[in-house]
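According to full-length UniProt numbering, the sequence shown is numbered sequentially starting from 1.
Keep in mind the hints are simulated off the structure, nothing from the lab. Fair warning: this is a prediction, and the values are worked out from it, not measured in the lab. Please note that a few of the clues may not be correct.
[Said to hold, decoys possible] No more than 25 Å apart at the CA atoms, straight line, and that leaves these computed lysine-lysine pairs for BS3-like:
#1 593 to 502
#2 266 to 675
#3 123 to 15
#4 160 to 28
#5 560 to 599
#6 219 to 183
#7 160 to 613
#8 628 to 618
#9 369 to 675
#10 454 to 502
#11 273 to 448
#12 315 to 410
#13 24 to 65
#14 454 to 232
#15 448 to 196
#16 215 to 183
#17 289 to 115
#18 65 to 244
#19 617 to 575
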Amino acid sequence: MSDYLVIVESPAKAKTIKRYLGSKYEVKASMGHVRDLPRSQMGIDVDDHFKPRYITIRGKGPVLKDLKSAAKKAKKVFLAADPDREGEAIAWHLAHSLEIDDHSACRVVFNEITKPAIKDAFKTPRKINMDLVDAQQARRVLDRLVGYNISPLLWKKVKKGLSAGRVQSVALRMIIEREKEIKAFNPEEYWSITGKFHVDDESFEAAFYGYDGKKQVLKTNEDVKQILDRIKSPNFLIQNVQKKERLRNPVVPFTTSSLQQEAARKLNFRARKTMMIAQQLYEGIALGKQGSTGLITYMRTDSTRISDVAKAEAKSFIFDNYGENYYNMHPQKAKKSENTQDAHEGVRPTSVLRVPKEIKDYLSRDQFKLYKLIWERFVASQMAPAVLDTVRADLEQNGVLFRASGSKVKFQGFMKVYIEGSDDLKKSDNAPHENFLPELEEGMVAIKDQTDPKQHFTQPPPRYTEATLVKSMEEIGIGRPSTYAPTIDTIQRRNYVTMDAKRFVPTELGEVVLNLIVEFFPEIINIDFTAQMETDLDEVEEGKKNWIGLIDAFYQDFSKRLSTAEKEMQSVSIKDEPAGIKCEKCGHEMVYKMGRFGKFLACSNFPECRNTKAILKKMGVPCPKCGKGEVVERRSKKHRIFYGCDRFPECDFVSWDKPIQRQCPKCGSYLVEKKTKNAKSVECPKCDYKEEMQ
Numbered sequence: 001m002s003d004y005l006v007i008v009e010s011p012a013k014a015k016t017i018k019r020y021l022g023s024k025y026e027v028k029a030s031m032g033h034v035r036d037l038p039r040s041q042m043g044i045d046v047d048d049h050f051k052p053r054y055i056t057i058r059g060k061g062p063v064l065k066d067l068k069s070a071a072k073k074a075k076k077v078f079l080a081a082d083p084d085r086e087g088e089a090i091a092w093h094l095a096h097s098l099e100i101d102d103h104s105a106c107r108v109v110f111n112e113i114t115k116p117a118i119k120d121a122f123k124t125p126r127k128i129n130m131d132l133v134d135a136q137q138a139r140r141v142l143d144r145l146v147g148y149n150i151s152p153l154l155w156k157k158v159k160k161g162l163s164a165g166r167v168q169s170v171a172l173r174m175i176i177e178r179e180k181e182i183k184a185f186n187p188e189e190y191w192s193i194t195g196k197f198h199v200d201d202e203s204f205e206a207a208f209y210g211y212d213g214k215k216q217v218l219k220t221n222e223d224v225k226q227i228l229d230r231i232k233s234p235n236f237l238i239q240n241v242q243k244k245e246r247l248r249n250p251v252v253p254f255t256t257s258s259l260q261q262e263a264a265r266k267l268n269f270r271a272r273k274t275m276m277i278a279q280q281l282y283e284g285i286a287l288g289k290q291g292s293t294g295l296i297t298y299m300r301t302d303s304t305r306i307s308d309v310a311k312a313e314a315k316s317f318i319f320d321n322y323g324e325n326y327y328n329m330h331p332q333k334a335k336k337s338e339n340t341q342d343a344h345e346g347v348r349p350t351s352v353l354r355v356p357k358e359i360k361d362y363l364s365r366d367q368f369k370l371y372k373l374i375w376e377r378f379v380a381s382q383m384a385p386a387v388l389d390t391v392r393a394d395l396e397q398n399g400v401l402f403r404a405s406g407s408k409v410k411f412q413g414f415m416k417v418y419i420e421g422s423d424d425l426k427k428s429d430n431a432p433h434e435n436f437l438p439e440l441e442e443g444m445v446a447i448k449d450q451t452d453p454k455q456h457f458t459q460p461p462p463r464y465t466e467a468t469l470v471k472s473m474e475e476i477g478i479g480r481p482s483t484y485a486p487t488i489d490t491i492q493r494r495n496y497v498t499m500d501a502k503r504f505v506p507t508e509l510g511e512v513v514l515n516l517i518v519e520f521f522p523e524i525i526n527i528d529f530t531a532q533m534e535t536d537l538d539e540v541e542e543g544k545k546n547w548i549g550l551i552d553a554f555y556q557d558f559s560k561r562l563s564t565a566e567k568e569m570q571s572v573s574i575k576d577e578p579a580g581i582k583c584e585k586c587g588h589e590m591v592y593k594m595g596r597f598g599k600f601l602a603c604s605n606f607p608e609c610r611n612t613k614a615i616l617k618k619m620g621v622p623c624p625k626c627g628k629g630e631v632v633e634r635r636s637k638k639h640r641i642f643y644g645c646d647r648f649p650e651c652d653f654v655s656w657d658k659p660i661q662r663q664c665p666k667c668g669s670y671l672v673e674k675k676t677k678n679a680k681s682v683e684c685p686k687c688d689y690k691e692e693m694q
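Whenever a hint applies, use it, and build me the whole structure from the sequences.
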């Protein structure tokens with residue numbers, strides 16, 4: 001019989017920890033929370049200081065029975081849930097269910113699942129931190145009061161299955177307001193002139209900057225003509241040559257937010273997927289003879305701090321693999337925002353010596369991608385700045401000024417390992433931009449070969465991607481590391497937003513719901529109010545505020561607004577959009593409906609007729625296999641786009657690549673369009689024919 005019982009949340013975590021504790025310890029998993037508020041009712045007594053009513057979660061009875069049995073046999077029980085307020089709450093609920101004194105030293109916390117971290121944690125167990133528990137309870141109670149009061153109203157006035165939440169409503173508002181900005185945007189015309197020059201047979205480009213010593217914006221074609229009319233000869237005098245050495249500093253280690261953003265940019269991972277895979281890496285992966293091993297530190301964090309031990313290991317690794325000059329002897333301190341709790345380290349590998357390629361065989365494809373991203377980011381954060389040589393020169397004739405700028409990498413530094421991605425989809429994140437200029441000196445003459453005027457129009461602000469939405473939520477203080485992924489997931493599952501080209505587009509339903517919340521519950525979607533509430537909840541976590549008083553102050557005004565809304569909120573009908581085709585089964589009009597996986601066609605005669613059809617996007621290409629059907633876009637069960645014949649199942653043609661309306665000049669087969677992150681090509685699936693696309 002084991003002397004000690006350790007309870008964690010998951011079997012994977014239990015398996016990893018068991019390796020380090022020895023035979024005196026039995027490690028079991030609670031499978032997350034064992035108690036929660038009831039799903040079928042509010043579960044909050046507003047008349048008794050907002051007291052929550054907790055019940056055993058359905059299906060957790062056998063788990064709890066097993067834990068109780070093991071706890072009775074053990075000399076001591078340790079609660080080792082994750083090191084955050086959710087983990088603290090799980091430990092508190094377990095203590096209550098297993099009749100453990102929560103003032104005893106029963107709580108064990110660690111930021112990484114490694115042998116030294118586990119051994120140290122069990123040397124210094126502590127009592128359950130009730131400030132963390134109260135912070136979790138406050139959030140839970142606040143979200144219940146909002147969701148379980150407003151949602152039924154929306155069910156009655158709009159349609160069933162809707163929800164409103166403190167953070168999700170603000171996120172929805174941000175998306176809808178951005179859409180309004182886009183629709184209200186009036187593009188403005190402007191022009192650019194690119195000049196092609198040469199000096200001593202070396203060509204380079206320069207852009208029009210201004211005239212008579214002042215920067216000038218070209219608004220019309222007439223402005224362009226006036227500039228070009230001032231150029232009387234191809235000879236331009238080179239002036240104001242500035243040569244500088246510029247440092248590009250390394251990025252800091254990942255936080256939860258920056259990890260989600262970068263995984264979205266570089267790996268095309270949704271926020272929820274990123275957190276799921278990161279949890280797996282944190283809890284432990286079986287590495288052959290090494291056994292189950294935690295590969296990264298705790299991934300719910302807003303800190304970029306790194307332990308001295310990790311820094312020392314990284315220093316040694318960089319010296320051995322890249323050289324002493326690649327190590328950052330004077331690292332910059334990361335700036336902290338007002339909302340940063342700094343309770344944990346940044347997200348990093350538990351050992352930099354576990355090089356991604358060396359453990360690749362033990363990881364799934366997605367686990368490897370995310371681990372590699374985290375490993376590279378951490379190593380780069382400890383490396384020396386990159387050094388860039390920059391040159392800027394002005395080219396002048398008759399008052400007309402062109403400016404040439406160039407740069408080249410003099411020393412790669414951290415960029416040898418990692419370069420941060422960009423939210424600008426036009427920019428490449430695989431290499432630093434370099435623009436080489438010939439050796440230019442003041443007083444030299446550059447010869448103009450040609451000028452290329454181009455018309456442009458200002459662009460509206462882009463729609464939010466997952467990465468930019470998370471970034472904006474973090475910047476304004478809405479939500480916290482653990483809430484970004486579930487918030488984004490919720491507004492999509494409720495069909496308040498859809499995705500178009502990886503960007504959020506609000507639906508009519510989303511706009512209707514937001515308008516009702518704006519009218520009757522303006523504080524719920526007020527960004528400043530919600531950000532301040534997050535700060536107040538953080539102060540509960542720090543022991544500076546009483547959670548009951550905080551909830552009471554909110555509820556006093558909220559309950560009045562709720563009473564008004566119940567009397568005055570009008571019903572809203574969202575009509576189905578006609579599809580313009582008849583149902584082949586009963587002859588009634590087909591309409592567009594929104595389902596779990598997006599729009600689909602359904603018969604308006606429901607429930608008498610239950611005919612439904614997927615919406616097929618036609619590609620305008622005859623089926624290469626049967627010749628009778630047309631190629632349409634379809635989605636797999638995992639939402640991956642592929643192409644097939646609209647006569648399926650009569651014709652089983654399928655292609656992951658988009659067929660185009662051209663035949664292979666080499667073998668006569670059909671051609672497909674292939675896309676990678678940085679290139680496009682047209683290829684033949686039957687032979688080796690290939691052509692690059694710009």
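task: Mind checking the alpha carbons of residue 369 and residue 675 for me, to see if they're no more than 25 Å apart?
output: It holds: about 19 Å lies between the C-alpha atoms, which stays within 25 Å.
field: Given hint residue 232 paired with residue 454 - CA-CA distance at most 25 Å
entry: Distance of about 21 Å is within 25 Å: holds.
Pair hint residue 123 and residue 15, alpha-carbon separation not exceeding 25 Å: Judged against 25 Å, a Cα distance of about 20 Å means the pair holds.
message: Hint check: residue 24 vs residue 65, CA-CA at most 25 Å. Holds or violated?
response: 22 Å, holds
Agreement of residue 454 and residue 502 with the hint, judged by alpha carbon distance not exceeding 25 Å: 29 Å, violated
- prompt: Is the hinted pair residue 617 and residue 575 satisfied, with a Cα-Cα distance of at most 25 Å?
  reply: The given pair, whose Cα atoms are some 23 Å apart, holds under the 25 Å limit.
field: Hinted pair residue 448 and residue 196, Cα distance within 25 Å
entry: Holds. Residue 448 to residue 196 sits at ~6 Å (cutoff 25 Å).
query: Can the restraint linking residue 160 and residue 613 be considered satisfied, given a maximum Cα separation of 25 Å?
result: Roughly 23 Å between the alpha carbons, so the hint for residue 160 and residue 613 holds.
field: Satisfaction of hint between residue 410 and residue 315, Cα-Cα up to 25 Å
entry: OK: residue 315 and residue 410 at ~22 Å, within 25 Å.
Holds or violated: residue 273 to residue 448, with C-alpha atoms at most 25 Å apart: Cα-Cα ~53 Å, so violated.
field: Pairwise hint evaluation, residue 618 against residue 628, where the allowed Cα distance is 25 Å at most
entry: 14 Å, holds
field: Pair hint residue 65 and residue 244, alpha-carbon separation not exceeding 25 Å
entry: 70 Å, violated
The structure shown violates the earlier hints numbered 4, 5, 10, 11, 16, 18.
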